[in-house]
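J.: Okay, here's what each chain looks like letter by letter:
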Amino acid sequence: MAVLDRPADAGRSHAIASPPGTGGEATLGHVNPGLRTERLLMKGNEAIAEAAIAAGCDAYFGYPITPQAELLEWMARRMPEEGRVFVQAESELAAINMALGAGAAGARVLVSSSSPGISLMAETMSYMAGSRVPCVLINVMRGGPGLGSIGAAQGDYLQATKGHGHGDYHVPVLAPSSIGEAIELVSDAFVLAERYRTPVMILADGILGQAMEPVEPEFPKLPKPAADWTIEGADGREPRVVRSLHIQPADLEAHNNVLQATYRELVAREPRWAGELLDDAEVVVVGYGTAARVARTAVERAREEGIRAGLFRPVTLWPFPVGGLRAAAAGARAVLTVEMSAGQLVEDVRLALEGTVPVYLHGRTGGMVPSPDAVVEAIRRVCVGVPPLRGVEELR
Amino acid sequence: MTAPSIGRLIYERPALLSSKPTSYCPGCGHGIVHRILAEVLGELDLGSRTILVGSVGCSVFAYDYLRLDSVESPHGRAAAVATGVKRYRPDRVVFTYQGDGDLAAIGTAEIVHAAARGERFTTIFVNNGIYGMTGGQMAPTTLPGQKTTSSPWGRDTSVSGYPLPVTEMLSLLPGVAYAARGSVAEPGLIGKTKAAIKRAFEVQLEGNGFSIVEVLSTCPVGWGMTPTAAMERLATEVTAAYPLGTYVDRAKGIAPSMPVPGSLVRSLSEGF
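Protein chains in written order, with my numbering: chain A, 1 to 396; chain B, 1 to 272.
Bound-form chain B, shown alone (with noise of 0.2 Å):
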């Protein structure tokens, strides 16, 4: 009996990512997304002078699993930070990584002047819909009637306001060089995503601005849902409230401006 013959290798653990198991649950789409991170940076030949800037939340322990120097944030805090190292580092890659708790709660004052400011880094905006680490309670991008710890009854517009879309708002700023929204819920998207994170950090080493990838992903556990219902409720009824595809890209283009002053409103001649 002859051994087998050795046939070409097809799938293979990156190099930046680390051997370590993850903190993460079942289905959850944090892994999905540290692997994107990890071929992107890699296939770029970044590893070497990449610096990820954590958050607080699940992915609290990215810096466990990505192969990066890494600096930890207080919670919502980390474009602030991003800001200070890739100040201070211009020539270094340098990236955050947030769950929505993080950047469209607390953190929301920190993303919208980085990004206004037009600095020169990237963020990976992990959107689940709620808060994922202290056990499943509304976040600013729970969808209208969806029912977290917080929300016992389902999310009440009339008392908890609506869903807050992040990138579509930053998509005015001027600052902003890349823009896009994509998706954990099938292979297909996730390949799609994976060209739009690769596409924001060539947008950084272009150094025109903010480049930012929000990406819908799941949360069994918090949603109540198995990882199976988590993922058809992804690429159904979140999508649908959350619309994919690339909102800016200024080099190609695809740039949105905020509206010309005056072009929305009424002129005071013609009376409020």
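Next comes chain A alone, as it looks inside the complex (with noise of 0.2 Å):
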């Protein structure tokens, strides 16, 4: 398939965010390219699961949906093999408030599912940032709306971004473009979701969970921080409650106050993205996942027509990285999103910019992927101020 005609770090590096807490553009990671001695050819939804195993997760909870099944059935061997906790439950509903229990107990949970499933868990993610229970959650996305298709898509940002469950509150979502990133990002939500107390959603999609790619050997280990709020039996001390009910509107605008108090610190620390050939980009193409994978060989492809393009990923969707969008768009004509759904990104873009900069769409929806081709005619047309034509109808 043309979009993954390359391996993730062929030609120029492949960016690895920087650590949780650096907040900031992407260097190049840990990975030194000389030291490589073997790799692993992994596929997406086998390598997260190991990147969990590795980054020291304790309980796994999920329910089979294509196309993050393999994730499960990964699970469902290694982590007996592990002496650590796997349910197989009877629906999304209970995946996520069996995650709900562990986690509050002091585990070091994951779930996934992917876009249906994620909908059914929406409630309880809710709970979860009310109640404060760290958890990592992977939406291996698929097309929509209703049961859609088992394609690849991106429809669920603005899900992921805005608001999954009812309330005041915000989920960081970590969205990779590669299998080692997505490696890398496990481990990093797990950082997250213990550091701020909140669950973390990684925002992968049915390729990244598909695929196969080589992958660096050596996965992230994580110590695990102590913590004195969880449940394991009132001995000696006064007992804890875990919970997100404040019957008395004063208690729970307090308690809302806290974690308001949180989503700053991670919009101030944590926002995360990648940037190439920006410097003097006229035309800065903006993408995640893998739409930011399409996007990128379309930016290379019009650099050789002579189109000074740049490629701006966001790693953390949220917190947006409105900073470095910003700069680097401050000097360009024209910004285009790249989405595999109807503008859902895009709203972000155009949020951060303000006015500032022309935004243009290019989405594809239902499973269907941006090919590079219809990328690039979209470079041409955005960088003389013509709005590219819609996603939806083919390039002739």
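Honestly, I wouldn't trust all of these hints.
[What the hints assert, rightly or not] Sample of chain A residues with no beta-carbon within 10 Å of chain B, all distances over it, derived:
hint, residue
1, Glu46
2, Ser131
3, Gln159
4, Asp168
5, Arg197
6, Gln210
7, Pro214
8, Asp228
9, Ser244
10, Asn256
11, Val258
12, Ala261
13, Tyr263
14, Gly331
[Unchecked claim] The calculated label-pair distances, taken between Cβ atoms and stated as ranges, are:
hint, chain 1, residue 1, chain 2, residue 2, range
15, A, Thr66, B, Thr108, 20 to 28 Å
16, B, Ala15, A, Glu38, 56 to 64 Å
17, A, Pro249, B, Thr149, 21 to 29 Å
18, A, Leu147, B, Thr134, 31 to 39 Å
19, B, Glu186, A, Gly56, 28 to 36 Å
20, A, Leu389, B, Pro90, 55 to 63 Å
21, A, Ala122, B, Lys252, 40 to 48 Å
22, B, Gly161, A, His166, 25 to 33 Å
23, A, Asn256, B, Thr108, 27 to 35 Å
24, A, Leu147, B, Met169, 25 to 33 Å
These are calculated hints, taken from the structure and not from any lab test.
A virtual CB, placed ideally from N, CA and C, is assigned to each residue, including glycine.
Got two chains here, separate frames each, mind docking them using the hints?
T.: Shown next as structure tokens:
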């Protein structure tokens, strides 16, 4: 498939996101090409699962759904081998609530699903946010709405970044665009979850889940910090309660203020992105995940044609890297958002740029993936101020 | 005049029961069940390693009254939350405290599958046949003909079906090690209910499967009755519909089993 015709680090090095807390543009990670002796070819779903195990995941709960089923299957075999908890739940509802219980009891927890299943989990994501229970959720997105398709899509961007369940809360959202980066981000997600006591979502898609790529054999390991809030039996101390209910409005507002302070800190410290060829870019192409892989190919082809294009790839979708994007687009004639959705990421791009630069969209939906040719054509058009053809129409 | 001599202490607040006044209405059974739990966990010396998994409904504040580490669940999901707690901390004692709206309506899937998996926690299922907290609406357990705010002419079985016999249904599952139904209708039954709850926790410690005690209880406000009349209805009409007793105790040989495949059906050769 054209989208995946190059490994993640072919050509210009693929940026690996900077560690949590550094807040800024990604630099090359710890990977040193000269030291590579052996690499593994792994499927995305399986690599994410194994990365979670390496990172010290204590418990996994899931339910079969395409295109993430291999993640569940990998955990079904590996978690018992490691003496850790694996339960195939009766539904996504049950899976996420098992995660709530295990997380409240102090476990490092992973759950995974795909779009329709994430919608079912939304209720308890709100409870987890309100109860401040850490958890990492993987969404291997497929086409929607409804049962949609099993093709790769990015139609859950707004759900992931703006709200799944009810109430005033946010969840950090990390978006890998290669399997190698997904491995790094699984570990980072646990760091964020525990540091800020929040659920964290990794927003992948069906291609990242199903494709195979070479990865480093050493997966990040993570020490587990002590926690003073988990439930384990009130032995010689006052009982602890993990809850989201604060029946008195003033109490709930005080609790919400704590959550909001946490979100402000996340916004200040944790936005991450990767940029390529941005220094002199007249057209800044914005995309994440698989769409960013296509965009990257298109940017390189546009450069070959003499159009100074660059790629801005958000790694955290929430908090959105507003400052980074503003700086990248400051001297640009146009910004083009490439997404596998009907215009979701573009909303954040427009909010960040506040009308300072014209923002255009090229999006495909339903499991269809933008082609590099179509994105190059869109770059040509927006560079001279002409809106791109709508992505849903085939370019001839 | 001499001071009265200090007699033998025969009644006190259990250490695991908070002194905080409860939010329960006069005549409600939750307070009785809370006290039973505090007594049982105290007598078994389990308070320091027990985790309460709360639910949604009138008993949502149970963590304010029972001095135990606790986690709140979304409506109906307590059995899934308890699964997560117990799987990660199998050496702890874990129980859910759920009403009939929570367990028998929105949480039906979670309780059935936790029981089917034989999860090694205990469920205290307080059945008062109504949604109390939200204003007395019909529950799956509401008796035929019973008037509620959402069955104003009485539960019509042609429209709303029949009461869900949760304990009888769960008793058929091999994963259920203990199942019993008690009541708070009178002191003798409260004592028997306490014994059942104690046995349920012992079964959890034995680690042989899921344990559940359904406790028939009252909702005088929701039923539109005085506390006394509500207790009388509980002792008669409600108990007639939901028989009391031990349904399963596998370790003691009380073990109904799922019908053997073929035993309840005519074979194909006999025709449909």
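J.: Against this structure, judge whether each hint is valid.
T.: To see whether the hints hold, each was checked on the structure:
1. Glu46: holds (23 Å)
2. Ser131: Incorrect as stated: the minimum Cβ-Cβ distance to chain B is 7 Å, not above 10 Å.
3. Gln159: holds (18 Å)
4. Asp168: Nearest chain B Cβ is 17 Å from Asp168 of chain A, so the label holds.
5. Arg197: At about 14 Å from chain B, Arg197 of chain A clears the 10 Å cut-off, so the statement holds.
6. Gln210: Consistent with the label, Gln210 of chain A stays out of reach of chain B, its closest Cβ about 29 Å off (over 10 Å).
7. Pro214: Correct as stated: the minimum Cβ-Cβ distance to chain B is 34 Å, above 10 Å.
8. Asp228: holds (13 Å)
9. Ser244: Label violated. Min Cβ-Cβ 6 Å, cutoff 10 Å.
10. Asn256: holds (16 Å)
11. Val258: Since the minimum Cβ distance to chain B is about 17 Å, Val258 of chain A lies beyond 10 Å and the statement holds.
12. Ala261: holds (22 Å)
13. Tyr263: The claim stands: Tyr263 of chain A keeps its Cβ more than 10 Å from every Cβ of chain B (closest is about 22 Å).
14. Gly331: For Gly331 of chain A, whose nearest Cβ neighbour in chain B is about 49 Å away, the distance exceeds 10 Å, so it holds.
15. A:Thr66 to B:Thr108: 20 to 28 Å: holds (27 Å)
16. B:Ala15 to A:Glu38: 56 to 64 Å: With Cβ atoms ~60 Å apart, the hint holds.
17. A:Pro249 to B:Thr149: 21 to 29 Å: holds (26 Å)
18. A:Leu147 to B:Thr134: 31 to 39 Å: holds (32 Å)
19. B:Glu186 to A:Gly56: 28 to 36 Å: violated (53 Å)
20. A:Leu389 to B:Pro90: 55 to 63 Å: holds (59 Å)
21. A:Ala122 to B:Lys252: 40 to 48 Å: Given range 40 to 48 Å: holds, Cβ gap about 44 Å.
22. B:Gly161 to A:His166: 25 to 33 Å: holds (30 Å)
23. A:Asn256 to B:Thr108: 27 to 35 Å: Since Asn256 of chain A and Thr108 of chain B have Cβ atoms about 32 Å apart, the given range 27 to 35 Å holds.
24. A:Leu147 to B:Met169: 25 to 33 Å: holds (31 Å)
When held up to the earlier numbered hints, the structure conflicts with 2, 9 and 19 and fits the remainder.
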